[in-house]
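Enquirer: Below are the chains, spelled out letter by letter.
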Amino acid sequence: MSTIIADTKTKIMTENGLFPSSEVMLDLKKLKKVYPTPKGDYVVLEDLNLQIKKEEFVTIIGHSGCGKTTMLSMIAGLNPISGGNISVLGKHIKGPGPDRGVIFQSPSLMPWMTSLQNVMLGVNKVFPHATRAQRNDIAKYYLQKVGLEDAFNKKASELSQGMQQRVGIARAFAIKPKVLLLDEPFGMLDSLTRGELQDILIEIWNKEKITAVMITHDVDEAIFLADRVVMMTSGPKAKIGDILKIDFERPRTRKSVLEHEDYYKYRKHLIDFLEH
Amino acid sequence: MKQSLTLGKVTKFIGLGFFSTLKDLFTGKLEKEDFKNFLRKTVVPLVSILLFIGLWQMGAKSLYNIEAEFKIEKALNDQGPEAADALRDCMVSGDPSCQPNTLPSPSQVWGSYKSLLRDHNIISADKAAFIEKTAALNEKRVADGKDAITYTGRPSFVDQIFRSLKTVFAGFLLALFIAVPLGIFIGLSPTLKSSFNWFIQIFKPVSPVVWYLLVFMIVKTLLIDSNEDSSFTISFISVGLCSMWATLVNTAMGVSSVDKDFINVAKVLKLGNFQKIFKVVLPSSLPLIFTGLKITLSVAWMVLIAIELLAQSPGLGLFVWEEFQNGANDSNAKIIVAMFVIGIIGFLLDRLMLTIQNWVSFDKTGAI
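Sequences listed follow chains Z and R, in order.
Per the numbering used here, the very first residue in the first sequence carries number 118; after that it's consecutive.
Per the numbering used here, the very first residue in the second sequence carries number 992; after that it's consecutive.
Hints are computed from structural coordinates only; laboratory data are not their basis.
From a predicted model like this one, the values you see are computed outputs, not experimental measurements.
There could be a bad hint or two in this list.
Unchecked claim - Straight-line Cα separation of at most 27 Å, DSS-like style, residue types lysine-lysine; simulated pairs:
#	chain 1	residue 1	chain 2	residue 2
1	Z	K293	R	K1251
2	R	K1052	Z	K293
3	Z	K262	R	K1157
4	Z	K170	R	K1258
5	R	K1105	Z	K211
6	Z	K211	R	K1052
7	R	K1137	Z	K272
8	R	K1267	Z	K146
9	Z	K242	R	K1267
10	R	K1052	Z	K208
11	Z	K146	Z	K362
12	R	K1261	Z	K211
13	R	K1105	Z	K147
14	Z	K372	Z	K208
15	Z	K242	R	K1052
16	Z	K271	R	K1105
17	Z	K295	Z	K382
18	R	K1261	Z	K324
19	Z	K272	R	K1052
20	Z	K171	Z	K149
21	R	K1105	R	K1052
22	R	K1062	Z	K271
23	Z	K272	Z	K146
24	R	K1251	Z	K295
25	R	K1267	Z	K295
26	Z	K208	R	K1105
27	R	K1052	Z	K271
28	Z	K295	R	K1258
29	R	K1105	Z	K242
30	R	K1105	Z	K272
31	Z	K242	Z	K146
32	R	K1052	Z	K149
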């Protein structure tokens, strides 16, 4: 393993859990998840500690079934916590809420609504005091950002999978959450569409700088998008195995990332971890 | 992208797609490749209809012969050879008074259909004349605070059809207003579901006749002071109660099985209960609710005949029963006419529901 990686790793290890509290957006402390089964309790996650800083983009990588999605849905508040706690800006979370926007693996749009109505569903809820025109403008702004200016009034069921996920991205950003949670949002798309949507996502994100936690299976995607890549150990009793800091400058382009001399070192590090 | 609305699309939308092929044939637009399609969709059904009528004709003829032989044999034994010969001559001459009473042939049914229409025209003319005649008098009576004189003559066959449709729609609306809200509540709450489950399971299979009797017991007592004819009330309530179960079960199932992703979206956005139900749960369960409503309407139409008959409420059911009791020589043919009318209207009602379902539902593939 190269010295650069080794240096970054030690740096991260000393930093982990020791960020100044004013910089921390999302804090997972001694998180535990237990599913009771007839053969006794099944411990999915145990003693999982992770801090994510403000305006940080973190990707989470790990083997299927290791508990990544469980962890993310616990942060979203959709899955009860068995032990430990999760806090956003120092406040413990209690159930789901619009301060944590979620982009699901399937687009999860209401197929009977138009793309604009789908985005408005959240906007209406989060900005109840704005006028109808203002809320409309917000929704339209984000739909334009994801390249759907011609599809405001198309039913979600008429859109392709990739277009639907664009609406999903617009819906999540439009409610201006503190934390954005992405559960393998591009896993169901073909590689061309996936690349397109990664570009769109990172473009909006560069503007809004919303703290993001994203699960992915794709090593290249993890490196391209993230400030840090979090590697989870295989379950049961999964925890954080390793954290890799990605030191590429932002804004990044796919070309500059691929041509960067450290790219293949990062990539090797991640693949070595996953193949272990 | 604007979609042009062609006849083909419309007929396909309302589930009568075979018409468009027929239209293409007459307008000469039929391509060679379409010919197979045309054969399957238009020619084969027409051939099967002709085959059906042919079999019916043959069956009716042989039943007629059995009945005729038996009658002549009986006349021979009871009254001697002269009476038997006279009866045979009478039958051959086609005199309606001595025809054997059995399954009518297609042509007899067609004749009865035309005579029922003639009868309708006569009654309508009669009614119009009556209304014209009494118009001035009624105006005066209403001005004096008395009830207007209404036409109380015999209803025609067409009047009976409309009366039946009225009953079935009243029953259907009752079922809709009971079953859909109740289904939503049951679907939303597991507690309500378990408390209502026994109720649904026990009452769902109960026969229309028993429902009629139950409604009769209750309505008769409730309307004891009223002079109004309660047969309509009783029959539409019975129809509604018989037919609502499919909608109730389907609504509850639709509401309780909304896609988990949609519920998660509602949770993340923290939508209130009202918004959650009207913006997420209901639209997503509409396809299942409509499947239920479609079954409800066809069940309502099916039980209607039996219930009208029991309730002595005017309509097709009563018409059939009265013709059967009547025993005139064309009664059997009239019953068969009613049978076809009931079948065709049932089919059209089903198509109507399918059209509405296609209209309101997001899931265009689910409806068949």
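Enquirer: Okay, which hints does this one fail, numbers in order?
Expert: The structure conflicts with hints 2, 3, 5, 6, 7, 8, 10, 13, 14, 15, 16, 17, 19, 22, 23, 26, 27, 29, 30, 31, 32, although it agrees with all the remaining ones.
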